[in-house]
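If you read the sequences in order, they're chains C and A.
Note that this note's numbering numbers the first sequence so that position 130 is 130, with each residue one more than the last.
Note that this note's numbering numbers the second sequence so that position 92 is 92, with each residue one more than the last.
It is worth saying that the hints were derived from the structure and are not from the lab.
Check each hint, because a few of them may be wrong.
25 Å max Cα-Cα, derived SDA-like pairs, lysine to any residue [claimed, not checked]:
1) C:K248 / C:D202
2) C:K188 / A:C136
3) C:K84 / A:L117
4) C:K230 / C:R187
5) A:K11 / C:K84
6) C:K188 / C:R205
7) A:K2 / C:K84
8) A:K2 / C:V258
This one's a predicted model, so the numbers in the text were calculated from it and none came from an experiment.
Residues per chain, in single letters:
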Amino acid sequence: MKASAFDYARPRDLRDALKILSENKNAKAAAGTQSLGPMLNLRVVQPSVLVDLRFIEELAGCSENKDSVTLGACVTHAQIEDGKVPDPTRGFMREVASNIAYRAVRNRGTVGGSLAHADPAADWPSALTLLGAVAIVAGPHGRREAPVEKFVTGLFQTDLTDKELLVAIRIPKRPAGARFGYWKFCRKAGEFAQAIGAALRDPERKEWRAVIGATGSSPFLFSQTESLLKNPDDNACLAAVDAARFTKDAYNRQLHAVALRRAIERLAA
Amino acid sequence: MKRIALTVNGKRVQAEVEPRTHLADFLRESQGLTGTNLGCEHGVCGACTLEIDGAPSRSCIAFAAACDGAAVRTIEGFDDDPVMEQLRAAFTAEHALQCGYCTPGMLITARDIVLRLPDADEARVRKELSGNLCRCTGYMGIVRAIQLVLTARR
Numbered sequence: 001m002k003a004s005a006f007d008y009a010r011p012r013d014l015r016d017a018l019k020i021l022s023e024n025k026n027a028k029a030a031a032g033t034q035s036l037g038p039m040l041n042l043r044v045v046q047p048s049v050l051v052d053l054r055f056i057e058e059l060a061g062c063s064e065n066k067d068s069v070t071l072g073a074c075v076t077h078a079q080i081e082d083g084k085v086p087d088p089t090r091g092f093m094r095e096v097a098s099n100i101a102y103r104a105v106r107n108r109g110t111v112g113g114s115l116a117h118a119d120p121a122a123d124w125p126s127a128l129t130l131l132g133a134v135a136i137v138a139g140p141h142g143r144r145e146a147p148v149e150k151f152v153t154g155l156f157q158t159d160l161t162d163k164e165l166l167v168a169i170r171i172p173k174r175p176a177g178a179r180f181g182y183w184k185f186c187r188k189a190g191e192f193a194q195a196i197g198a199a200l201r202d203p204e205r206k207e208w209r210a211v212i213g214a215t216g217s218s219p220f221l222f223s224q225t226e227s228l229l230k231n232p233d234d235n236a237c238l239a240a241v242d243a244a245r246f247t248k249d250a251y252n253r254q255l256h257a258v259a260l261r262r263a264i265e266r267l268a269a
Numbered sequence: 001m002k003r004i005a006l007t008v009n010g011k012r013v014q015a016e017v018e019p020r021t022h023l024a025d026f027l028r029e030s031q032g033l034t035g036t037n038l039g040c041e042h043g044v045c046g047a048c049t050l051e052i053d054g055a056p057s058r059s060c061i062a063f064a065a066a067c068d069g070a071a072v073r074t075i076e077g078f079d080d081d082p083v084m085e086q087l088r089a090a091f092t093a094e095h096a097l098q099c100g101y102c103t104p105g106m107l108i109t110a111r112d113i114v115l116r117l118p119d120a121d122e123a124r125v126r127k128e129l130s131g132n133l134c135r136c137t138g139y140m141g142i143v144r145a146i147q148l149v150l151t152a153r154r
């Protein structure tokens, strides 16, 4: 349970961090190491150098304008939970954050780390897909943006190249009439989810979104699904799970269908 | 090796560490602070929970090199802490430990619950404790002990 040998770098700005990534084969960007730490200790990951991004000012901050909130990649789950950063969803992101793992993990784990890690069973890949968030990526040739539903491409996979870094996440502000629902099944409080359902109704912007998460791959987004949100009966939810094509297992189908139904039912609450 | 400087229980410490050394090993092996216990070493069991910069953290998945410049407080650093005094008495009164292996981590988490969530009810205490595993007590005594301190402080 000890990590294999690696070097440790603590760049003070983004340019330094990108330079270290481009000059070291098998370098690994890290923030809170709450997911990466276990993988290092289990030697599932054996990087040449760990690039600690937490001391880059830009990544630790956040900004806000009238349309959106941009969270630096190194904002922690606990900062979101405690309302230390603006919540563009008037409480929904705080609720999601507060149910990630355990407080000791939330104190160090970061929103950007979780998204870039892209564990299908984690909360942010599903929640940020639901919210229509945008990943802001920096690389040797400048910046680019990718909607989260395109950024996460599969099991622990994103569209980041090994010379790029996720620097921030921009989340649209939702009007007062928007409603959010989220449900996850975990075998124990704080464990990774076995099934995630998420739903968003934003009549003002005419958006009716639903997400099936913890699929073993990237979250599955239904981007305009007004009828499902209006009538989430068992058959409709099972049909949605089948449309996402990630399982034929009876138990898994049922678990994901019920998670989706409960998330949609919470829109009314 | 990396040279690091940090504060451990209020004392300035300088050391050379291998970057792969996690904080708990650093504290136990080179600082003689064996109050921090290691259980799973992958962030699940909570036995190694301590405070980094005032916030409860897992010391098995935080690397010592990443704590350069940080203030670390282990269970040994809470001897004179009034909340911890209350918790120690309550853990004794409610029989909140048997083997004691999880206890340092439990106490750090318990103190965080008491200070951060003064209105916590039993269900909330249990949820907040879900990141600390005890394999002897069944949690009854631990939950009661924390509730005892919460009530005493209201």
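**Item:** Hints the structure fails to honour
**Value:** 1, 4, 5, 6, 7 and 8
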